[in-house]
Amino acid sequence: MIPFSVLDLSPITQGSTAADALRNTRDLAQHAERLGYHRYWLAEHHNMTGIASAATAVVIGHVAAATSTMRVGSGGIMLPNHAPLVIAEQFGTLASLFPGRIDLGLGRAPGTDQVTARALRRDLDNSAESFPEDVRELQRLFGDVSPGQRIRAVPGAGLHVPLWLLGSSLYSAQLAAAYGLPFAFASHFAPDQLFTALEVYRSRFQPSAQLEKPYAMVGVNVFAAATDTEAQRLFTSLQQQFLNLRRGTPGLLQAPVEQLDTQAGERAGVDHALSFSVVGSPATVEAGLAEVIARTQADELMITAQMFDHEARLRSFELVAQARLALAER
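With the numbering used here applied, the sequence shown closes on residue 1274, and no number is skipped along the way.
The hints are simulated quantities; they were obtained by calculation from the structure and are not laboratory data.
Nothing here was measured: the structure is a model prediction, and the numbers come from that model.
Wrong hints could be hidden among the right ones.
Simulated DEER-style distance windows between Cβ atoms [unchecked claim]:
1) A1231 <-> Q1058: 39 to 47 angstroms
2) E1143 <-> G1192: 31 to 39 angstroms
3) R1080 <-> E1255: 43 to 51 angstroms
4) T1060 <-> M945: 35 to 43 angstroms
5) D971 <-> F1139: 31 to 39 angstroms
6) A1231 <-> A1010: 28 to 36 angstroms
7) V1030 <-> M945: 31 to 39 angstroms
8) G959 <-> R1239: 16 to 24 angstroms
9) G959 <-> T1060: 22 to 30 angstroms
10) M945 <-> L1041: 28 to 36 angstroms
Cβ atoms here follow ideal geometry from the backbone N, Cα and C, with glycine treated the same way.
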């Protein structure tokens, strides 16, 4: 059975604080490790009051220190926000502290709005356009030191921290294929080009020192509960979050509701963005995950659940782990 992993944005829920969110992240990571999840990734987002993982490398260290076997990494670091040397030093430090357990997933989106992106980067000119060269620079910084090399990542040089490319378009699929890197598609919020991107990545893949054959990860929202009705209720927190983003009013993660308050056309847009979701009872989740695996032929699933109630979130990931075992026994 393919590995299942966790994507966490450290959600800050209504009535709680960032400190609460980070404690919940630590608790969920330990829970996921006990349940056999393969890796635990944190995502970089900025100026969003409902997300506590902006300082992604710091939160990765928080999670890695609280676990012992599970891989921990970024899903992802938005590389245009940073100088490659800074990221190489950060992740070289993490890899030195937690050898053999750190992943560096890279994206080229800002992870925020344009005003905040300018505050992060100061200069937006050519920041995304330099992404391929910046990835190559990171590879060099993590590689063995060459004679006469003047700039080194300390720590970082020689550690060969594994890189991933993340995306929701054909661009990242093509680049991951050309560079021979593993590829993760953000189908949990942008499913439109998933199948085309997977075909492009697999058909154009060029082996590299890091990877001999294509390896594709697919993101999926999974909300599991005792009944379909309860799971659908829990899912409304994520639906509200997307509605608020589309309205330009992002905020704290809201409690579930019995009925979404939507205007004409809003619900269809949210339903489309979140169409790569599996929501329901254990039987429904097992069937849904089997369908996702069959349709995508993914090498790994990245499970995410922006859920208001922490205990319900822990239970959901437990039910998903049970579904994985059931699928393995088929």
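Going through the hints against the structure:
Separation of A1231 from Q1058 is about 41 angstroms and conforms to the stated range, judged on CB atoms against 39 to 47 angstroms. The hint said 31 to 39 angstroms for the Cβ distance between E1143 and G1192, and at roughly 35 angstroms that hint holds. Between R1080 and E1255 the CB atoms are about 45 angstroms apart, so this pair conforms to the stated range of 43 to 51 angstroms. The given range of 35 to 43 angstroms is respected by T1060 and M945, whose C-beta atoms sit roughly 40 angstroms from each other.
Between D971 and F1139 the C-beta distance comes to about 35 angstroms, which sits within the given range of 31 to 39 angstroms. Against the hinted window of 28 to 36 angstroms, the Cβ-Cβ separation of A1231 and A1010 comes to about 33 angstroms, which satisfies the hint. The hinted window of 31 to 39 angstroms between V1030 and M945 holds, with their beta carbons roughly 38 angstroms apart. Look at G959 against R1239: about 38 angstroms separates their beta carbons, and that is not inside 16 to 24 angstroms.
For G959 and T1060, the Cβ-Cβ distance of about 25 angstroms falls inside the hinted range of 22 to 30 angstroms, so the restraint holds. Taking 28 to 36 angstroms as the suggested C-beta distance range, the pair M945 and L1041 conforms, at roughly 31 angstroms.
Violated hint for the displayed structure: number 8, the only one.
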